[in-house]
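The numbering of the sequence shown is the working numbering, which starts it at 1 and goes up by one.
Simulated from the structure, these hints should not be mistaken for lab results.
Pairwise CB distance ranges (calculated):
#1 I7 with A54: 17 to 25 Å
#2 D61 with A6: 13 to 21 Å
#3 A25 with A69: 14 to 22 Å
#4 E46 with N71: 33 to 41 Å
#5 A75 with A47: 32 to 40 Å
#6 V52 with R79: 26 to 34 Å
#7 Y77 with T34: 22 to 30 Å
#8 A6 with A80: 23 to 31 Å
#9 A6 with S44: 43 to 51 Å
#10 M67 with S44: 31 to 39 Å
Keep in mind it's a predicted model, so treat the numbers as computed, not measured. No residue lacks a Cβ here, since even glycine has one placed at the ideal position from N, Cα and C.
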Amino acid sequence: MSDDPAIRMHVPESVAGGVLADFVAVGQNGQYFTLDFAAITGRSPEALDAQVVARVKVLPDQVFQLMRALNEQLAHYERATGKAPRDEPLGD
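Please construct the entire structure, taking both the sequences and the accompanying hints into account.
Now the structure itself:
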């Protein structure tokens with residue numbers, strides 16, 4: 001049996017609907033990883049314009065758990081839809 005306590009997660013009504021993000025930029029500073037989720041707001045000939053809709057800071061130990069969970073969910077998605085992730089640039 002695990003010594004880790006169960007986690008009861010509460011999702012406040014203010015965030016329950018979620019927010020759409022077109023991409024995520026990831027950085028780290030040795031203490032934590034920063035995930036900037038952004039939505040495309042416009043396009044110019046030089047670049048896509050985007051606005052960060054959420055910034056999440058994650059401890060390194062949690063990043064490994066996040067990667068495992070994302071890989072699991074991606075495998076479920078691929079089995080259910082038959083779709084593989086696109087390997088295309090975002091702007092194309």
